[in-house]
Every structure is written in structure tokens, then in C-alpha cells.
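Asks: Letter by letter, the chains look like this.
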Amino acid sequence: MKPEDARQHTDRCFRGEPATCSFACPFRMDIRSFLDRVARGRWPAAYRVLRDAVIFPVVVSALCDQPCRSACQRTLLGDEALEIRELEVACLRNVKERKPERYVIPPKKERVAVVGAGPSGLSCALALAQKRFGVTVLEREKGWGGRLLEHPRFTEFDEDIGLQFSALEVEFRFGTVVSDLAQLSEFDAVYIATGAGGNAFGLEASWDDQLYSTEQPRVFLGGELCGSSVMEALAAGREASLSIEVFLQTGKAAATFGRFPREYRGHILPHEGVPPAPAVRPADPSGYSGEEARAEAARCMQCDCNICMEACEMLRLFRKDPHKIAVEVYTDTHVNAPFSSHTITRQVYSCNVCGYCGGVCPVGVDIGPLMQLSRRVRLSAGVHPAALHDFWLREMDFAVSEGAFSSPPAGQEACAYAFYPGCQLGASNPGHVLRSWDFLAARHDAGVMLGCCGAPAYWAGDEERLRANIEGIRRTWAGMGRPVLVCACATCRTVLAGFLPEIRTVSLYELLADAEEVRPVRRWPEAAVFDPCAARGGDRMEAAVRALVSRSGTVCVEPGEKNRCCGHGGHIYLANPGLYGEIVQNRTEADPRPYVVYCANCREVFASQGKECAHILDLAFDLPARDPVPGLDEKRANILAVKKELMKKMTGADFEPEAREWDALTLVIDEALRRNLDRKLISGNDIKEAIWRAESAGDKFLDPETGASLCSMVKEVITYWVEYRGSGAGAYEILDAYSHRMRFGREE
Amino acid sequence: MGEGRKIWRCARCDRELVAKKTIFTYMGLTLAHEVEACPGCGKVFVSREMAEGKMAETEQQLEDK
Chain C
1 MKPEDARQHT DRCFRGEPAT CSFACPFRMD IRSFLDRVAR GRWPAAYRVL
51 RDAVIFPVVV SALCDQPCRS ACQRTLLGDE ALEIRELEVA CLRNVKERKP
101 ERYVIPPKKE RVAVVGAGPS GLSCALALAQ KRFGVTVLER EKGWGGRLLE
151 HPRFTEFDED IGLQFSALEV EFRFGTVVSD LAQLSEFDAV YIATGAGGNA
201 FGLEASWDDQ LYSTEQPRVF LGGELCGSSV MEALAAGREA SLSIEVFLQT
251 GKAAATFGRF PREYRGHILP HEGVPPAPAV RPADPSGYSG EEARAEAARC
301 MQCDCNICME ACEMLRLFRK DPHKIAVEVY TDTHVNAPFS SHTITRQVYS
351 CNVCGYCGGV CPVGVDIGPL MQLSRRVRLS AGVHPAALHD FWLREMDFAV
401 SEGAFSSPPA GQEACAYAFY PGCQLGASNP GHVLRSWDFL AARHDAGVML
451 GCCGAPAYWA GDEERLRANI EGIRRTWAGM GRPVLVCACA TCRTVLAGFL
501 PEIRTVSLYE LLADAEEVRP VRRWPEAAVF DPCAARGGDR MEAAVRALVS
551 RSGTVCVEPG EKNRCCGHGG HIYLANPGLY GEIVQNRTEA DPRPYVVYCA
601 NCREVFASQG KECAHILDLA FDLPARDPVP GLDEKRANIL AVKKELMKKM
651 TGADFEPEAR EWDALTLVID EALRRNLDRK LISGNDIKEA IWRAESAGDK
701 FLDPETGASL CSMVKEVITY WVEYRGSGAG AYEILDAYSH RMRFGREE
Chain V
749 MGEGRKIWRC ARCDRELVAK KTIFTYMGLT LAHEVEACPG CGKVFVSREM
799 AEGKMAETEQ QLEDK
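Line by line, the protein sequences are chains C and V. 1 is the number of the first residue of the first sequence in the numbering used here; add one for each residue after it. 749 is the number of the first residue of the second sequence in the numbering used here; add one for each residue after it.
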């Protein structure tokens with residue numbers, strides 16, 4: 001996606017579009033807004049919505065046959081439709097001030113003649129006069145009203161019409177018959193609304209029913225003359241006024257921007273969990289009291305799609321709909337000064353990019369790609385908050401350099417399969433990788449590729465690093481004879497599918513499920529499968545995991561919501577710790593039963609919450625339930641241990657990790673402090689390096705009284721501080737450590 | 749988690765720290781703030797309270813820009 005495609009990305013989203021009732025309304029009234037204001041007793045605001053839409057509210061609330069009611073989505077739940085017209089009447093009764101607006105805009109020089117003072121002529125004249133065009137209404141009869149004159153309540157209608165025109169300058173020429181358009185040559189435009197059976201001046205054949213225009217460029221037709229009902233005629237008058245306005249401005253009748261959408265895009269909302277609400281009946285047959293009207297209006301479900309915004313914690317937190325997000329992502333990409341109008345930065349880095357929104361969206365709009373676009377654009381412009389992803393990028397660099405190892409089976413140049421466990425599986429539990437490789441090696445011509453797919457770079461928006469890594473994978477894979485990659489991580493599979501489509505992959509879990517001799521252990525009577533977000537659409541992988549769980553004798557329970565992110569996705573932990581915590585808690589508590597997971601990150605997230613859970617490989621290979629979560633240093637050590645063991649098996653060589661000067665230091669660190677530092681993503685390795693550098697250069701602070709030292713080290717974008725005390729040869733007791741992202745200069 | 753308030757001295761210059769106006773930069777922006785530093789070599793001291801308090805808050809604000 002390119003920045004210019006951002007807004008198009010949410011085109012299909014129909015959030016904010018008029019509801020079904022508005023589509024049915026001849027006036028396209030925003031019925032949702034009207035009812036919302038009535039329900040809150042905001043009568044003046046409700047009245048403005050009503051009057052602005054229907055032009056003559058007294059006339060319409062008396063005569064409208066309410067096509068909106070048959071489109072009311074309440075009826076789909078078995079309830080009666082909202083009593084719209086009665087609510088309009090109640091609004092008129094309750095609003096105290098009905099003075100029309102005065103439009104403080106300069107008068108325009110163009111003059112328009114309206115032929116006929118019936119409903120359509122009046123509404124057209126009113127709309128044009130509000131825009132300050134010079135309007136003259138020519139009417140054969142002695143007064144306005146047209147067909148309304150016959151109605152028994154005409155006195156009320158007359159008053160309403162008088163009220164709406166009272167603030168406007170319109171010339172009415174009653175008793176004037178127009179028999180030839182040549183009489184109107186002094187006008188710049190003419191609207192002919194002479195009523196049913198009236199004079200169309202021979203223009204009916206050339207009439208355009210969308211623009212109300214005719215073969216004579218300055219002459220427009222509409223209303224009952226063209227077969228409309230009274231309500232349609234009222235609406236047509238105003239619509240015609242828009243075409244006339246465009247004609248006067250541009251010399252050509254054309255559709256205007258911002259018009260009501262032509263068609264409803266056909267999405268009836270599910271309204272899940274909405275309780276039934278019977279219609280409110282007025283106690284007094286003459287109509288609703290204010291309170292009754294409010295109660296009746298409150299039955300409106302405000303039909304608008306907010307499914308993604310309800311389903312996703314991140315969208316719920318920021319309360320921006322997809323269109324707004326798209327616009328902000330787009331505008332953000334066009335501002336690259338550091339002090340910019342960026343409005344969506346925190347949200348961009350708070351997205352798990354899990355695709356759940358796209359899955360629940362009736363039209364499949366996924367917000368993740370927009371956030372990814374923004375991350376990429378920011379990074380390439382150098383205006384990204386680098387500290388938010390720095391930790392994981394460094395872990396990725398480690399996994400693809402020191403932690404990487406690839407080889408076909410011993411003595412071979414190439415292989416048909418290669419195990420691709422991903423960076424986290426071995427880091428989290430070396431047994432998962434080693435036992436899986438044993439399984440594969442016994443059955444298939446399988447080598448191994450240890451590394452990282454590049455997901456951290458992808459989530460950081462670091463295209464350059466991602467591309468370089470992808471190229472590395474491609475070269476290694478080609479060098480091994482283009483094997484099928486056996487993936488244990490759904491995220492790896494997604495990244496590979498996206499960037500290396502030429503590589504065939506298969507899920508390790510499918511191969512395990514196909515091997516009848518694999519007998520997973522039964523750890524619980526029943527368990528819920530927690531499918532990782534990246535497994536979305538991976539039906540065979542999901543089925544394989546379920547087959548393995550069932551084979552163990554454990555009853556496999558389907559989760560309520562599938563493929564939700566555990567919280568880890570998109571690496572939002574630093575960008576939005578509060579949101580991360582909320583997501584983790586929601587997923588942990590989503591099902592009271594133990595979870596079976598098949599993503600190393602999911603396992604760590606749940607284990608760190610004390611949730612009973614197991615990786616499917618724990619069950620498949622009967623591995624002991626481990627320590628909840630390995631620490632940062634243990635993870636790196638695990639990656640190297642896996643490499644060492646597999647290298648020995650495949651090449652016979654002894655892998656010796658690269659030794660750094662500070663590796664020899666010993667840290668004495670309280671367990672609670674270590675866990676706390678892990679949470680702050682400060683590793684023992686960084687602490688050792690900081691101490692070593694400080695001690696070597698003598699560059700530190702000292703507190704002579706306690707014998708404590710304090711040193712700092714700037715690494716990439718983070719500055720680390722370590723407070724420590726010597727504890728024997730090469731050993732240091734760690735008292736505290738912290739970090740910050742700002743850099744400081746030495747002095748001014 | 750340290751052991752009470754410490755009186756830091758610069759190990760290299762063996763001098764007590766003094767308040768000094770110092771330049772901080774983040775996300776392309778520069779701010780000046782008075783912090784403790786060595787009067788000899790200028791080495792700046794940042795406490796945990798400051799790093800995880802005021803600085804973290806400012807970092808967040810600048811990231812949101």
C-alpha cells in the first residue's frame with residue numbers, strides 16, 4: 001500500500017453512512033440524529049435536524065406516509081418500527097423557539113424564477129433564497145400552497161410556510177400566469193413546478209430525473225408536474241435547487257459533491273444482544289408527552305456499524321472509526337517535520353496487526369495494513385519513535401546472526417524438507433525445537449534453518465532490514481536445494497507467504513497429526529484451543545492441532561472468539577503498556593479452561609499470567625511443564641544451546657558462541673529485581689556490558705559511604721543506568737537498573 | 749530499589765556533583781533542563797526517579813507528536 005491508497009483502503013467501510021430509514025426517507029433525513037436528540041430531550045437540536053431536512057416541518061409531520069418505518073431495523077428483531085411522525089409532532093410541540101435561521105452571507109447577483117408556489121416551488125425557492133440568490137416566485141393563484149390548499153389543515157400549513165420564509169427575501173408575484181418562457185428572459189435560471197398536469201413548456205421529453213435539467217440549459221423541472229407525490233415534490237424542490245446552484249456557478253447542471261449516496265450498500269447489521277423494546281403508546285390519544293417521546297425515541301438502535309470498534313481493544317481505546325484512521329494515516333504521511341501535526345502516532349504503534357478487525361468486519365476492512373503503512377513511512381522519513389521497537393529489532397539481529405544456523409542433514413548437499421522453527425520457539429523452550437527436529441529427521445529428509453522470519457522488522461516498519469533478512473532466507477533456502485519449510489510458528493508462515501511466495505511451507509502440526517504414532521499426553525480432561533492471530537485462515541493447521549488434542553483424550557473446546565492476538569502481536573508492549581495489559585488480561589480470562597496454544601509467544605503471555613496452558617508440543621512430546629517464562633538472558637542462551645546441539649548433530653562441529661569481554665562477569669541479582677528488569681526489557685547482558693565499560697574506563701559515579709557505583713551506557717536509542725557494588729573478583733551485586741530514551745548532551 | 753539516597757561523586761574527577769543546565773534531545777527536539785553533573789568532566793547524572801518519571805512523561809509526549 002502507498003500513502004495515496006490509504007483512504008481508498010477503507011472505501012468499503014460503511015460506518016457513518018445513512019441508515020436504512022434515511023435511504024427510505026424522501027428527504028434523506030438523518031433520522032438517527034433526530035431520534036438521538038429527541039431521546040435526550042434536546043428539543044431545539046432535534047427541531048433543527050427535522051426542519052433542515054423536511055423544510056416545512058408542520059406540513060411534513062402531518063402528511064408524510066413514513067416510508068422510513070418499513071425500513072426500520074427494529075422490525076427485524078420483531079419490534080414495531082419507531083413512530084417517527086408522532087415523534088416529529090412531539091418535537092414541534094416541545095420546542096419553544098421555532099424562529100428560522102438568518103443566513104449572514106452576502107447576496108448573490110444571479111436571479112432565479114420559480115414558476116408555481118406549490119410544495120416543490122416553495123421548497124426550491126426557500127433553499128435558493130437561503131443561499132441568497134435573488135428569487136421570484138410566479139403563481140397563477142392568489143396565494144401559495146398549490147395542492148396543499150385543499151387540505152383541511154391548510155391554515156397550519158400556511159403559518160408554517162410563512163414562518164420559514166419570514167427571514168428571507170423572496171418576491172412572490174401571485175395572480176401571474178406564465179404562458180411562455182420568453183416572459184422570464186430576465187432570469188438566469190427557471191424552476192418550473194406547475195403541479196400535476198401543469199404546463200411543462202414542452203420540456204418534459206428532455207427532463208433529466210437526476211439533475212432536474214432540460215434541453216434548455218437554464219430551465220429545470222420538478223415536483224408533482226413530473227409525477228411526484230407531495231412529499232417527493234417537497235424533497236425534489238430542494239434537490240433541484242442544488243442543480244440550479246451548480247448551473248449558476250459553472251454554467252452546467254451537474255451532480256454536486258456531498259450528495260446523499262445513491263444506493264444503500266446493503267448491510268443490515270446483526271444487532272446481536274439488543275433486547276426487544278415494544279413501542280411506547282401515548283397515554284393521551286392526541287400524541288406523545290415529552291417523556292413518552294423520549295422513551296419512544298430511545299428505542300432507536302442508532303443503526304451504524306461499529307463492530308470493529310467494539311471488538312478490538314485498541315480501536316475501542318482510541319475511538320476513531322476506520323475512515324478517520326485512514327485520513328489521519330494519509331495526512332500524517334505528508335508531514336515529516338519532527339514537530340508535526342501527527343495525530344495518530346500512539347495508535348499506529350498500539351496495533352497488534354492481528355487482522356481480527358478485518359475478520360469481524362462485514363466487508364473485510366483490516367486496519368492493520370494502514371498502521372503498517374504509517375510505521376513504514378515514518379521510519380523511512382526518520383520520524384518514528386525508534387525506542388518502541390529497538391528491543392525486538394536487537395533480538396532479531398541476534399537471532400539472524402549469532403543464533404542462525406542452517407544445514408541439510410549430515411553428509412548431504414540438499415534436502416526435501418527443512419525445519420523452520422522461528423526465533424521464539426527455541427528461545428522459549430529448546431526442547432520444542434530439538435524434539436521436533438528428532439521427529440522430523442526420523443521420518444523425512446529434513447535439514448534445519450534457524451533464524452528469524454523478520455516479523456520484528458515488519459512490525460517496526462523497517463523495510464530495509466526486512467528485505468535484507470528476506471534475501472538472506474531466500475539465499476540459504478536456495479542453497480539447501482529449495483526445501484519445503486516446516487514451520488512451527490504461524491507468524492513465520494504468514495511472513496514467508498507474503499514475502500517469499502516461492503517457498504512452500506507446511507505446518508509442523510500437520511505432520512505431527514498425520515503421524516499416527518504421535519500420542520500426545522492427556523494433561524487435562526478438557527482444554528480450549530487458543531489459535532494465534534497469525535493462524536487466521538490456516539484451516540489445516542488449526543484442524544491438525546485439534547486432532548492432536550483430541551488424540552490425547554482431552555476434550556477440545558472451541559474458543560468463543562478465534563484468532564485473537566494474545567497481546568504480543570505488532571510489538572505494542574512498549575508503545576502502550578496499559579493497552580497491552582488489558583488485552584493480555586482479556587485473553588487470559590476469555591475461557592476458564594486451560595489453554596492449548598501453538599505459538600511460543602502466546603504460551604509465554606499466558607504462562608506469565610499464571611494461566612494454566614501448554615504448547616501443543618509439550619503435549620505431543622510429553623515435555624514437563626516448564627518454568628513460566630524464561631528471562632531475557634535465558635532466551636538468548638536457549639537460542640545458542642539449540643544451535644549448538646543441532647550443529648553438532650548435523651555437521652559434527654562444536655559451536656562456540658562468540659565471547660565478549662563482559663561475558664566473564666558474574667552478576668548477583670535478586671530474583672524479584674531480575675523479573676522487574678525483564679519487564680523493563682533490561683537484560684543481564686546489557687548490564688554486564690555497561691559495568692564492564694564503566695569499570696574499564698573508570699567512567700562512573702561513586703557513593704563512598706555505601707561503596708555503590710553507578711554507570712550509564714548508551715546503546716542504539718536507549719540509555720541504560722546500572723547501580724551496583726563489587727562482590728568479589730569479577731562479580732557484581734546489582735542494586736538497581738533503569739533506562740531512558742532521551743539523549744543528554746554533556747553541558748551547554 | 750537502591751539503598752536510600754546516595755551522594756554520588758564523579759569517580760574520575762573525585763568531585764561532588766553540582767546542578768548544571770543540560771541539553772536533552774529526543775525525536776529530533778532539544779530541551780534544556782537543570783540536572784546534577786560533575787563540575788570537572790561534565791558527566792551527567794540521571795536518577796531513576798527522573799528517568800522513569802519526568803523523562804518518561806516527556807518522551808511519551810514527544811513520541812505522540
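Just so you know, not all the hints are guaranteed correct.
Taking lysine-lysine pairs in the DSSO-like style, the calculated list, with each CA pair at most 30 Å apart, reads [as the list claims (entries may be wrong)]:
1) K562(C) <-> K644(C)
2) K754(V) <-> K680(C)
3) K813(V) <-> K320(C)
4) K680(C) <-> K813(V)
5) K769(V) <-> K715(C)
6) K768(V) <-> K680(C)
7) K320(C) <-> K802(V)
8) K320(C) <-> K108(C)
9) K768(V) <-> K142(C)
The hints are simulated quantities; they were obtained by calculation from the structure and are not laboratory data. The structure displayed is predicted, hence computed values, not measured ones.
Asks: With reference to the structure, classify each hint as holding or not holding.
Replies: Evaluated hints:
no. : hint                : result
1   : K562(C) <-> K644(C) : 37 Å, violated
2   : K754(V) <-> K680(C) : 23 Å, holds
3   : K813(V) <-> K320(C) : 17 Å, holds
4   : K680(C) <-> K813(V) : 23 Å, holds
5   : K769(V) <-> K715(C) : 24 Å, holds
6   : K768(V) <-> K680(C) : 29 Å, holds
7   : K320(C) <-> K802(V) : 29 Å, holds
8   : K320(C) <-> K108(C) : 39 Å, violated
9   : K768(V) <-> K142(C) : 89 Å, violated
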